[in-house]
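Chemist: Using the hints provided, position chain F relative to the given structure of chain E.
Each protein sequence line maps, in turn, to chains E and F. For the record, in the first sequence the residue sitting at position 276 is 304 according to our numbering, with numbers rising by one throughout. For the record, in the second sequence the residue sitting at position 39 is 59 according to our numbering, with numbers rising by one throughout.
Simulated DEER-style distance windows between Cβ atoms:
1. Ser96/E <-> Val163/F: 28 to 34 Å
2. Arg316/E <-> Val165/F: 44 to 50 Å
3. Asp77/F <-> Arg86/E: 15 to 21 Å
Chain F residues, not near chain E, derived (Cβ > 12 Å throughout):
4. Thr85
5. Arg89
6. Leu92
7. Asn93
8. Gln94
9. Arg95
10. Arg96
11. Asp97
12. Ala135
13. Pro137
14. Pro138
15. Ala139
16. His159
17. Asp162
18. Val163
Since the hints were derived computationally from the structure, they do not count as laboratory data. Note that the structure is predicted; figures quoted are calculated from it, not measured. By construction, the Cβ of each residue, glycine as well, lies at the ideal position given by its N, Cα and C atoms.
Each chain, letter by letter, is given below.
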Amino acid sequence: MTPDDIDFDESTLHAYVDGQLPPERAARVADWLLRHPRAAQQVLGWREQRESLKALHREWLDEPVPPSLTAALRPAPNEAAQAANAPRFPRAWAAATLLAVGLGAGAAGGWGGHAWWYAKQETAMTAAAEAAARAAGRDPSIPEYVRDAAIAHAVYQPEKRHPVEVGADQSDHLIQWLSKRLGHPLYVPVLRDYGWKLVGGRLLPAGDDATVGATVGAALARAQFMYENEAGERFTLYVSTGASSPEAPVAFRLMRRVEAGQTTRSLYWIDGRLAYALSGGFDEQRLRVLADLVHARIGMIARASSSATPSPTPSPAPSP
Amino acid sequence: MPLVLDEALPLLPRLRRHARLLCGDHARADDLLQDTLERAARKGALFHADPGPTRQDALRNWLLTLMHRLYLNQRRDAREALHDSLDEDDTSQPLIEEPQQRVALRLDLERALAALPPAAREILLLVCVEELSYQDAAHVLDVPVGTVMSRLSRARERLRLSMDGAAPGRAPLRVVK
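Extracted from the complex, chain E is given alone in its bound form:
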């Protein structure tokens, strides 16, 4: 169904990043990117740039607008008299608009707030995501972050010189930094006894995630941790926040992608506010063993750290 041999030009890739493509075409680009890591890396860079621009000085949106500016909207008295002759917009309708808008501001913040704007966008995004998923022959119930995880795995797993942003030699810093960016404490299991050593991790931008609970307030940042064994095999653990959907899978679910003879499997699960995807080029059984292990270890560290040093409330436990 999807021709593999056509290449997408640069403007199509820009349009993909900016969400300007119809869903079916976007899905084809997404699939194509999985097989073209170089282009995917560029696209991820653009997306990251876009997201950080979008987030730039969001706090300004909460500043009160000075009266001098709002006053500029009122026409001078004589002009107002002239305007009175023009067809008038019903006052009641305007009041209703303002009310709706005000409610939206409370609920959503952001764009001076319009509930309808978010509602419209969310519905459209969910519909688009599902259409895209179906067009690509995918199960729309698979959260988008799992696809992002698979793409990120495909991009960085083969990387020789820069597989990670911050290496495991600074693992304390790495974990603290990524926890801050994701707004949630992250736990990175030590698997040395099992033959896996942590290579390091990196910060990644979140995609337009319509399938994971569609949480407007979700963090824009995602984290990827990479592990490697003696044989040079690698797997990645991808973490996303804001994904606590009510229908969260408690058990592991599997997504499998076969591209150009390369199989990447991702097992994903949700644990509280954090959504995980573990991706690797292994068979299912091996991946399940790993996921079990990672999940159990994360649980252990989380329990240990919440009883020892709870981060939100000050505690006297000094670090050695």
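Modeler: Okay, now just chain F, sitting in the frame of chain E:
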């Protein structure tokens, strides 16, 4: 249906941020926004859009169009008065306590954005920050869609290059513990 000015009120915080990122200077941004709103108040009868969910978008696009036209005029005036008086400002924003990394990244991004040619900054703000469609951005800037695409592509590359260039100057990673 022509403009009711109250409808523009909820758009003001967003327009204000847009103006600030565009001008790189708070006072000048407020002047630009004030001029925009005064013009909107005078020309309100020229705005027509059907009531409904698209009306607010149409109003935003119309106000952005007015703003960018004024911004273009300012640049023309400035160029006539004095060469290149646009990017001289180096406004430093008060820092709120944030993780060091994020502050560093944001400052880099802000500086890099401010150092871009105005046309590049305009297109990035409209497409990436305000999330306008290419069609709408073309309309706001009064250029063909093809120009939007080529400017966007160049702007992204320029911003990427200047961010990469800024990276070595960034604060070194802090090792905790």
